[in-house]
Structure formats: C-alpha cells, structure tokens
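Q: If you're matching them up, the sequences are chains U and L in order.
Taking numbering that gives the first Met the number 0, the leading residue of the first sequence gets 0, the next gets one more, and so forth.
Taking numbering that gives the first Met the number 0, the leading residue of the second sequence gets 0, the next gets one more, and so forth.
Simulated from the structure, these hints should not be mistaken for laboratory data.
Cβ coordinates follow ideal geometry from the N, Cα and C atoms, glycine included.
Here's a subset of chain U near chain L, in silico, CB distances under 7 angstroms, partners left out: (1) D5; (2) E22; (3) R35; (4) P66; (5) A108; (6) G145; (7) E175; (8) G179; (9) G183; (10) G195; (11) P198.
There are 2 protein chains.
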Amino acid sequence: MLAIGDELLSGRTKDKNIAHLAEVMTLLGIDLKEVRIVGDEPHMIADTLNTLRRSYDLVFTSGGIGPTHDDITADAVAAAFGLPVIEHPDAVARLETYYAGRQMEFTPARRRMTRTPKGASLIDNSVSVAPGFRIDNVFVMAGVPGVFQAMLSSLLDVLPAGEPLKSRAVPCPFGEGDIGDALGAIAKQHPNVVIGSYPKFDGERYSTEIVIRSRDEAALDAAALAVGEMLETIARSRGD
Amino acid sequence: MLAIGDELLSGRTKDKNIAHLAEVMTLLGIDLKEVRIVGDEPHMIADTLNTLRRSYDLVFTSGGIGPTHDDITADAVAAAFGLPVIEHPDAVARLETYYAGRQMEFTPARRRMTRTPKGASLIDNSVSVAPGFRIDNVFVMAGVPGVFQAMLSSLLDVLPAGEPLKSRAVPCPFGEGDIGDALGAIAKQHPNVVIGSYPKFDGERYSTEIVIRSRDEAALDAAALAVGEMLETIARSRGD
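Model the full structure from these sequences, guided by the hints.
A: If you want it as structure tokens, here you go:
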C-alpha cells in the first residue's frame, strides 16, 4: 500500500486507511507485505509506485485524488506508467449527472476528479460519486476514510481471495519476559505456524497477547494446545 | 521512519507511533519525509533500513525489541550495519538492578532486551527500563506506544531542532470542488507557502480544512488573508 499526503507526515491527519486495508486483506487471505507513506511530491509518488507495483501483485493507494491543486496523484500515477492523463468519459458523465441533479456547478476544480491515466478503469464511489481508478495492478483510491472504505468495498468481488490465514489469540497474564524462553521453544517445535507475541502495558505491568497464525487448522490447534499448557505450567509454578 | 511488525500489516494492531512521531517532528521543525511499515522479516528490515539511513539524516524505528523470539530488530539492524550483536553492558546493568529490585528473575528472554549492535548507545526508557538504542543516524525504539513515546521524549534534547514550520488552519464550510479553482490560483500567487486542503465528509456534505504552512511568518499572513477574502467572496456570492 502507498498512502499519499503531506498531512499524514506532518501529524495533522492520523491515517485510518492503512489499518482498514490491513484488516480487509487479512479477511480476504491476501498478505499485506509493505506500506509506505509519502508526501505530495510527484517524483517521490511515481518512483515509490514503480518500486511497489513491480515488487508486489497488487498495490493500493490512498489520497490525492480530490479537486484541489495539491491533488496530484492521478498525474503522478500516469507519470509512473508513462501514460498521458485524460478526462475519463465515464467519470465525466457520472459527475455531470451528479452535480446537475444537485443543481451544483460542475467547476473546473470538480472536473479535475475525472482525470485518470489513459486506459484506467473506474473504481465506484458510493459515497460521493467521484471515482477512483485502476490501472494494471494499481488501485488508486481516496484519502477520506469513508470514501476509501466505500471504494475498497466495491472491489471485494474483483480481488483474488487467497486461503485466509486462520488465527488464534491466547490472552496471557504474564509479561513477555516471563514467557519468552518457553514461547521460543514452542515456535521452534511448530514450524507450520507463526507465533506472534504482543506486549500490553497498562502503566503498571505488562501482559501479553499471544497470536498463532497458520493456514493449517490442525497445526494451529496443536500450537494453541502447547501454548495453553505452557501458560498453565507457569501459573502453577507461581501458585496461582 | 520504519515501523516494524507483522501485527501492523495484519490489522491486529493499529499503529499509533507514526502519528506521534510526525507530530513531534513537526514541533521540532524536522520534516518527516517518508514512513515505511514492514513485517518481522530480517532481510526486509535490514534492506529497508539501509535504504532509509542512506537517504535521510535521521531514521526512527518502532517495534521488535522485546524479549520474545519474534523480536528480531536488534539483529536486523546489526546486519544492516554489518556489525556483531552484543549484550550491551550498561543495558545488562540497568535490567539486573531493575529485576533484582522487583525480585523478578532475569531470564534469558529478558536478557534478549540488552542486545544491541556493537557500538550502539542506549536510549532511556523511563517506563519499563529496557532501553532502545542509537547507532549512527538510526534510533531504534519500542513498539508499545507508551514506551515509544517515553523513548522519543528522552531524545528531545539530542535531536537537531530546525526552524519550525508555522501553520495556519482556515476552516472552510465549502467542499473542495467549490474552492479548488480559487485556491489553486492563490497557491500560484504565494510561492513561499504550501497550501494544503483536507476534505471532511460528515456523511452528507463535504467541508474543507485549509492549512497554510511556511517558515516565513509574513508570507503566511499574506496567504491566510488571501484565503480569507476568497472564502468571503464565495459566501457573498451565495447570499450567506
């Protein structure tokens, strides 16, 4: 994923799209491998996109497709592909209808939102009409979270769904320091699962959430059993 | 910044450190230029870190320095620098004292938290003692937000402070489509400021926050005045 916008790097806006995309990809069984956040700099956007689209099967972008002068994503994406920018006829038609119906003027600024690289197909926007677009393996979407989410929803039937990664979360009242050695041993004994441990700190003491992930249900059960027994052993040794 | 952790890419954990670092950097007058999020893959972490540390003056990392088997950041950072990993003597001393005082065992797992590349200096952790570390221009910090924030605080006197970017936020009741053309013209007339416009959507209609940024106070005033007049003109034309 490539999240675009100076506002994300200045701290003015807290990104919500990365976590949403991550959740949806996990549900679909698609592994999100990398996220980058860059500012509103055309060359930086184009270079980063070229790296990502050549490294990964799918790339999703957020931000920079609105009607103002700082919305430069369509141009940067077109530059990355070496394509001209056009006003997409179907996008023009959608926005003409939309603004005519609301008796709002279809200003040159609003017309900017119809610009796509030549050959792109549109991504529906059920919230505010102005579409995103897809070109090759790159899906260009809005930065406003509600609109990003609507656009991503419209893609759910199009995206290739993999075998979903199954996961078991095992809450653990002990800190990572108490379980690290035993958990490392279990991880070695169960090569078909990935065991993550996520420390929580409530201001006074640590606890841990242990998460076991696998595409293999039986391997998952075996590892979860081993973790449960390990936690019981520690609890007993403390007289809990 | 490099944020490290499978949990960020699976959607299980919503990152809070990126926005915090962004805010602190903005206050210090340091431009945050790029953020990358990668999973717990040693080569990916090392390669990404090498790219970032050669491209930028400062690099901050979050995540992967705890006591469990999936905490591999110290090793990956050492690999990136081609350095061996040691148990940092000062870190060992701090943790020995800490666990002795709490009558907790200094397990091999906890001892993992003293590992740094050879030659690193420690970053204080006022919350839970186990330190981060600095090597060259790379600052390696924890992923738990409270600890990340404490570590970053301890660096405030060390980091080079630039001239802070001043900003003016101008709330705007109109959507971007209504102001885009006029705002683009103002941006051209005021080259010493950066004008961002951030659409907000409440489910029914768009409004916009216009943010003007500059290191030059006078240029900021002039641009803010022009934006204010533009908004008044639009409001009058609508009979508001």
